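Novice: Next come the chains, spelled out residue by residue.
Protein chains: 2
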Amino acid sequence: MGYTDLDQLAINTIRVLAVDATSKANSGHPGAPMGMAPVAHVLWNMMNFNPQNPDWANRDRFVLSNGHGCMLQYALLHLFGYKLTIDDLKNFRQLDSITPGHPEAHDTPGIEVTTGPLGQGFANAVGLAMAQAHSGGVYNKPGFELFNNYTYMFFGDGCAMEGIASEAASMAGHLKLGNLIAIYDDNHISIDGDTKCAFTEDVTKRFEAYGWHTEWVKDGDNDLAGIEAAIRKCQQVTDKPSMIKLTTTIGFGSKLAGTGGVHGNPLKADDAQGVKKLFGFNPEESFAVYDLYHKHAAQGAAKEQEWNQLFQKYQAEHKTEGADLARRLSGKLPEGWEKKLPVYKSTDPAIASRKLSEACLEAIHDVLPELVSGSADLTGSNNTRWKNAVDFQPPDLGIGEWAGRYIRYGVREHAMAAVMNGLAAYGTIIPAGGTFLNFVSYAAGALRLSALSRVRVIHVATHDSIGLGEDGPTHQPIETLAHFRALPNCMVWRPADGNETSAAYYSAITSKHTPTVMALTRQNLPQLELSTLESALKGGYVAVDTPNAAVTIVSTGSEVSIAIEAATYLQEKHGVAARVVSIPCFEVFDAQTKEYRLQVLPDGIPVLSVEACCTMGWERYSHEQFGLNRFGASGPYKEVYAKFEFTPEGISKRALATIDFYKGVPVRSPINRAFQQIL
Amino acid sequence: MGYTDLDQLAINTIRVLAVDATSKANSGHPGAPMGMAPVAHVLWNMMNFNPQNPDWANRDRFVLSNGHGCMLQYALLHLFGYKLTIDDLKNFRQLDSITPGHPEAHDTPGIEVTTGPLGQGFANAVGLAMAQAHSGGVYNKPGFELFNNYTYMFFGDGCAMEGIASEAASMAGHLKLGNLIAIYDDNHISIDGDTKCAFTEDVTKRFEAYGWHTEWVKDGDNDLAGIEAAIRKCQQVTDKPSMIKLTTTIGFGSKLAGTGGVHGNPLKADDAQGVKKLFGFNPEESFAVYDLYHKHAAQGAAKEQEWNQLFQKYQAEHKTEGADLARRLSGKLPEGWEKKLPVYKSTDPAIASRKLSEACLEAIHDVLPELVSGSADLTGSNNTRWKNAVDFQPPDLGIGEWAGRYIRYGVREHAMAAVMNGLAAYGTIIPAGGTFLNFVSYAAGALRLSALSRVRVIHVATHDSIGLGEDGPTHQPIETLAHFRALPNCMVWRPADGNETSAAYYSAITSKHTPTVMALTRQNLPQLELSTLESALKGGYVAVDTPNAAVTIVSTGSEVSIAIEAATYLQEKHGVAARVVSIPCFEVFDAQTKEYRLQVLPDGIPVLSVEACCTMGWERYSHEQFGLNRFGASGPYKEVYAKFEFTPEGISKRALATIDFYKGVPVRSPINRAFQQIL
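Each protein sequence line maps, in turn, to chains A and B. With the working numbering applied, the first sequence corresponds to residues 1 to 679, in that order. With the working numbering applied, the second sequence corresponds to residues 1 to 679, in that order.
Honestly, the hints are just simulated from the structure, not real lab data. Because the structure is a prediction, the values reported are computed rather than measured.
One-sided excerpt, in silico: chain B residues whose CB lies under 10 Å from chain A:
#	residue
1	25
2	26
3	119
4	120
5	163
6	170
7	205
8	391
9	400
10	408
11	445
12	631
13	636
14	670
Below 27 Å or equal to it, Euclidean Cα-Cα: the simulated DSSO-like pairs (lysine-lysine) are:
#	chain 1	residue 1	chain 2	residue 2
15	A	387	B	196
16	A	268	B	355
17	A	387	B	268
18	B	653	A	594
19	A	643	B	90
20	B	276	B	255
21	A	268	B	387
22	B	643	A	24
23	A	538	A	594
24	B	594	A	653
25	B	638	A	90
26	B	24	A	638
27	B	638	A	24
28	B	643	A	83
29	A	512	A	83
All residues carry an ideal CB built from backbone N, CA and C; glycine is no exception.
Produce the entire structure from the sequences given, and follow the hints as far as they go.
Specialist: Below is the structure:
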C-alpha cells in the first residue's frame with residue numbers, strides 16, 4: 001500500500017515502452033499493456049522471483065494468457081533485471097530476437113509458458129498450479145514449506161470465450177486450487193470491437209459456478225490500493241482458485257483508449273507523442289523505475305537464498321526425498337530406470353498395445369516418481385492407471401490427495417493437453433494423459449504448443465485406427481497420424497508389439513524437449529520375431545529379412561504383423577520373396593544415419609507401405625502406398641479390416657502390383673534425396 | 001399430460017430395445033438410452049415431424065449430443081415409422097448397416113447431424129437454432145410463420161465438460177435463442193465413474209451466467225408430467241435458450257443402474273432378462289407402442305401438409321421470397337451466380353488473397369442470399385464482411401437483426417466450425433467463417449465431422465503461412481495444410497492469385513457435400529499470366545510452360561509467383577529451362593483424368609515442390625520437396641521468407657540440385673502409380 005508518484009511513473013514507463021516498441025516494429029498490440037500496466041506493476045511487486053535465476057523452483061509463476069500483450073511482459077522482465085536488454089525491446093518482433101510477436105518460453109528468460117493462441121495460457125496456469133499442489137503434497141514436511149508458490153495469470157475477453165479456458169476453469173474449481181489467482185482484463189474490447197457484439201455473459205457468475213472465489217476491482221486503471229487489496233484477499237482464500245475481474249481501459253492514455261483501434265495496431269505518431277505528454281514523461285526518470293524494480297528483484301534473490309538454505313536443511317533431514325527432489329530439479333532421470341521396461345519374446349502371447357502401455361506404466365511408475373498419469377475420462381479404455389495409483393484430488397474430497405499421481409481430467413481433451421504443458425513447465429513432473437487418438441485432435445492447439453515450446457508430455461492415444469471397430473467412423477482416426485507427423489518436434493510412435501511399446505516409452509521419457517503421441521491399439525498384437533528394444537529405438541528396422549526380395553513392405557503398429565503374414569502368403573502362393581520393415585517412429589528413424597536407413601530400405605527393391613490410415617506422408621519411405629484415404633466403418637474390427645482389404649491377401653495383391661510396376665525400372669531407395677529439408 | 005400404462009410401456013420398450021441391440025452387438029452404450037427413455041418419450045410426442053418426409057423444412061430438430069446413446073434415437077426412429085426397420089436395429093453397429101456405433105446424418109433418415117465426439121452436437125444444435133431464427137427473419141411474413149420450429153438437444157456430463165459446448169452455450173445465450181431447448185442428462189456418471197471425481201461445478205448456475213433460462217426436473221425417471229411441464233415452460237420463454245437439468249438414473253432397470261458399469265458395456269445376459277422381467281415385458285404389447293407412436297407421426301404428416309399449403313399460399317402472395325425459398329430448399333444455386341465472380345488480368349495489381357476473397361464475397365453475396373458469413377473475432381483481418389453487411393443479432397440489442405447475414409462468432413473457433421455444421425444441416429444456408437489458418441486447428445474436431453457428414457461449410461483461413469510475419473511461430477501454420485489435406489472429403493484451396501481465388505469460391509459453393517478450407521495470405525500476390533478460372537478449376541495447371549524444360553517446379557499460393565521468378569532466374573543465371581505448375585487444390589487436381597495430370601506433370605522431367613509449410617504430402621506430386629519442417633520465426637515477412645530461403649535464389653539452388661540428382665536416371669512422373677488408393 002502507500003503508492004506514490006514513483007509507482008505511477010513505473011506504470012507509465014511500462015505503457016510508454018509498449019507504445020514505443022510496437023511503433024518501432026510497426027506491428028503489435030499496445031492496448032493490453034497500456035491497460036494492464038497498473039495491475040502488472042502492483043502484482044509483480046508482490047511476487048517472489050529472482051531475475052538472476054529464472055529457474056528457482058519455488059518462484060511465483062506468471063502467465064500472460066492474452067499473449068499478444070507480451071510487450072507488457074517484456075517491459076517487466078527488462079525493468080526487473082532479467083536478461084532482456086533495452087536493445088531486445090527495440091528488436092521487438094524482429095527476426096531472431098528474444099522478443100518475438102508472442103511470448104515463447106524456450107526463447108526468453110522469465111517466460112514460463114508459450115502463449116498467444118488464446119486460452120492456452122489459462123490452461124497452462126492451471127497446470128502450473130496443479131504442479132505446485134502436487135510438489136507440495138509430495139515434498140513439503142513440517143517446517144519445510146518447499147513448495148508454496150502462487151500461480152498468477154492474466155487473461156482477456158478472448159481467452160474467456162475460448163472453450164479450452166472454460167474446461168480448465170471448471171477443472172481448477174473442482175480441484176480447489178487455492179494457489180491460483182487469475183486476473184481478468186475486463187476491458188470490453190476484442191478485435192471485432194465492443195464485446196457486446198458477441199460476449200455478453202456474466203463471467204463472474206460463471207466462475208462462481210465453477211467453484212471459484214471472485215473479486216471485482218472497478219477502477220483497474222487507477223485504484224492501485226484496490227488491486228493490491230483484492231490480490232491479498234485472494235491469497236487468503238486457500239480452498240478455491242480466485243478470479244479478479246479488473247475493469248480497465250484498453251490503450252489507457254491513447255486517443256483511441258477504450259476502442260478496438262488500439263488493440264492490434266501501433267499508435268499513430270501523434271498519438272504516441274500525446275501519450276508521453278499526457279504522462280509528463282521524462283525518460284531520465286525511468287532510471288528511478290529501474291531502482292524501484294531492482295530493489296524488489298533483490299528481495300526475490302534473497303528469498304531464493306533463504307529457500308536454498310531451507311532446501312539444504314531439508315536434504316539433510318529428509319535424505320530420500322531431498323535427493324529425489326534434487327535429482328528431479330536437475331532434470332536427470334533415475335539411474336537405470338529403463339531396466340524396468342518390459343521385454344518380450346516372440347513366443348509371448350498377443351496383447352493390445354494399450355495393455356502393453358499399461359504394463360510399461362506399471363513397471364516404471366515406482367522408479368520414476370515424476371511420472372504423473374491421467375485420462376480424459378477414458379481410464380478403463382486408455383489403461384493409463386497403474387494398480388494402486390492414488391488420484392490427484394483435494395484431500396477433503398476423500399477420493400485422493402495432492403501427492404496423488406493420477407489425474408482425472410474429465411472429458412476435457414484440449415485442457416488436458418494444455419494442463420500437461422503447464423505441469424511439464426513447472427519442472428518436477430513428466431505428465432502422461434490418455435484419450436482416443438481421434439480426440440487428441442481436439443487438443444491440436446495445445447499439442448502444437450508442446451512442440452513449439454519443447455516440453456516433454458506424453459499423449460497415450462489409444463484406439464488408434466479402424467481397429468477400434470464398432471464405435472465407427474466418428475471415432476476412427478484417418479488423418480490423425482499424418483497431422484501429428486507433420487507437426488515439427490513431435491514424436492509419433494505407433495508400436496507393433498511389446499518391445500516397440502517399451503521403446504516408445506524409453507524414447508518419450510528420455511526426449512526432454514519433445515512431446516510424444518503414442519498411437520496404441522484396442523485389439524491384440526502378436527510379439528514379433530525380430531523386434532527388440534534396440535532395433536525399435538532406431539525408429540525403423542527390418543522385421544523380416546528375406547534374401548533376394550522382390551519387394552519391401554513397410555508398415556507400423558497393428559499392420560506390421562499382417563504385413564508379415566502377407567510376406568508368408570506371397571512366398572507360399574506366389575513364390576515371391578518379400579522383406580518387411582517396421583517403422584514405429586518416423587522422427588526417430590529420420591534421425592538415423594543415411595547408411596543405416598539405406599540398409600533398412602535399400603536401393604533396387606520397390607517399397608510398398610501399409611497403414612490403415614491415410615497414406616499421406618508415406619511417400620517419404622515407399623514407392624507405392626496402401627492406406628485408407630476415406631472414412632472408416634462401424635462393425636466388428638476384423639470385418640472392418642477385411643472390408644478395406646487390410647489382410648494378407650489384400651496386401652499381397654498390392655505388393656504384386658508394385659513389383660510388376662517397377663519391373664525393369666532401376667529402383668532408387670526413397671531414402672536417396674537430392675538435398676536436405678529445412679529442419 | 002394424463003400419462004397411462006401405455007406411455008410406461010413405450011418407455012420400457014425403448015429401454016428393452018436398447019438392451020437387446022447392444023447385447024446382440026456385444027457392443028454399445030445401453031445406460032443413456034435406459035435413463036433418457038422417459039424424456040425422449042415425452043418430448044418426441046410433443047415434437048412436430050413427419051417420418052414420411054424427414055426433410056420437411058419446418059420440422060422440429062432433435063440432436064443427441066451424447067451420441068453414444070444412439071440406440072435411444074434408433075429405437076425412436078423405428079417406433080415412429082421412419083425408414084429404419086427392426087432388422088436395422090438388429091444390425092446395430094454391424095458393417096454397412098444404417099445403425100452405426102454413433103449417429104451419422106448421411107447414413108440414417110431422421111438423424112439431423114452426426115454426433116458422438118462429445119460437445120459437437122451441442123454446438124450443432126446452436127447452429128440449427130440460429131438457422132431457424134435466420135430463416136424466420138428472412139422469410140416469415142404476417143400470417144406466414146413459415147419457420148417456427150424448435151431445436152431440442154440432449155446432452156450429458158461429457159458434453160457439459162467439453163469446451164466446444166461452453167463456447168456454443170455462451171454464444172446461444174448472447175443470441176437469446178428462444179427456440180433452443182437443451183436437456184441435460186444429469187446422471188452423475190461418466191466413463192470414469194461418479195462425476196464427483198472430475199466435474200463438481202454448478203451447471204445450472206453456469207448456464208444462467210450465459211443468459212439461459214433453466215429448469216430442474218428432479219425425478220427424470222418417473223415424473224412424466226413434470227418433464228412435460230418443464231418443456232412447456234421453456235417453450236414459453238422466447239428470449240432465452242433453455243436448459244432443463246433432468247436428474248436421471250443411468251441404466252434404469254439394470255442391476256448396475258446408477259453406475260459406470262452400465263455406461264459403455266452391454267448388460268450381462270441375466271441382467272438383461274431381469275430388466276425385461278422388472279418391466280413385465282411382453283413383446284406382443286409392443287405393437288400398441290407402434291400404434292401410439294404412429295398416431296403421433298400421422299399428426300406430424302398432417303402438420304407438414306398444412307405447412308405445404310401455407311407455403312403454396314406464400315409463394316402466391318410473396319412471389320420473390322417464395323421462389324427464392326423454393327430454390328434454396330431444392331438445393332439449387334441461382335442461375336448464373338458464378339458470372340459475378342471477379343476475373344483478373346495479369347496486369348491487375350498485386351493484392352493479398354484475403355482481399356481477393358473479400359472481393360468474391362462482395363461480388364456474390366447479392367446473388368447468393370443463402371451465403372452467411374462471419375468470423376471468430378478477426379473480421380478486419382479475415383476480410384469476411386462485405387460492405388453494408390448486417391449482423392445476425394437478436395433485434396432488441398440494436399446492433400443487427402435475425403435476417404442479418406454476418407455472424408459475430410466471438411473467439412470461439414471450435415464452436416464456430418460446429419455451429420456452421422448446424423447452419424448447413426438446416427438446409428437454407430451456406431455458411432462461411434473466418435479465422436487464421438493456424439486456429440482452424442482449434443476446430444479440427446468439428447471440421448472432421450463436416451467432412452464425414454458431408455456438409456458444405458467454408459473456412460476462410462487467412463494468414464496462411466510464415467508470410468504473416470511478426471505474429472511469429474505461435475501463429476504461423478506449418479502442419480496445418482497437410483492435416484486438412486489428409487482429411488478425407490475436405491477441399492483445401494490455397495490460391496495463388498485472383499482467378500485462383502475466384503475458382504476456390506466456385507468450387508466451395510458448388511461442392512454441396514464437401515467442406516472447404518481456403519488458405520489465404522496476409523501479403524500481396526501478383527496476378528499470374530496463365531491463371532484463368534477454367535485452368536484453376538482443374539485444381540492444377542501449367543503456370544509457366546517452357547519447351548525442353550529440365551525441371552518442373554510445382555507450388556501453391558504465395559510461393560507460385562516466387563517459383564515463377566525462380567524460373568526466370570534459372571534461365572537468366574544458369575541457362576536452365578524450368579516449367580512452373582500451380583496446384584491450388586490437391587483434391588480437385590486428383591479428380592482430373594490421368595491424361596491431364598500427366599500433361600501437367602509429364603514423365604521425363606524431375607519435379608521440385610515448393611511450399612512454405614511442411615513438405616508432407618508433396619511427395620505425391622514431386623520427386624524433391626522444398627518446405628519448412630520446423631517452426632517459423634517472428635519478423636517482417638520478407639525477412640522471414642529470406643531466412644528460410646523461399647526466394648528465387650533459394651528455389652533455384654534446389655532446382656539445380658534436383659536436376660543434378662536425376663541426371664541420367666529415367667524419370668517417371670509421380671502421377672504414374674501402380675494401383676489406385678482406397679478412397
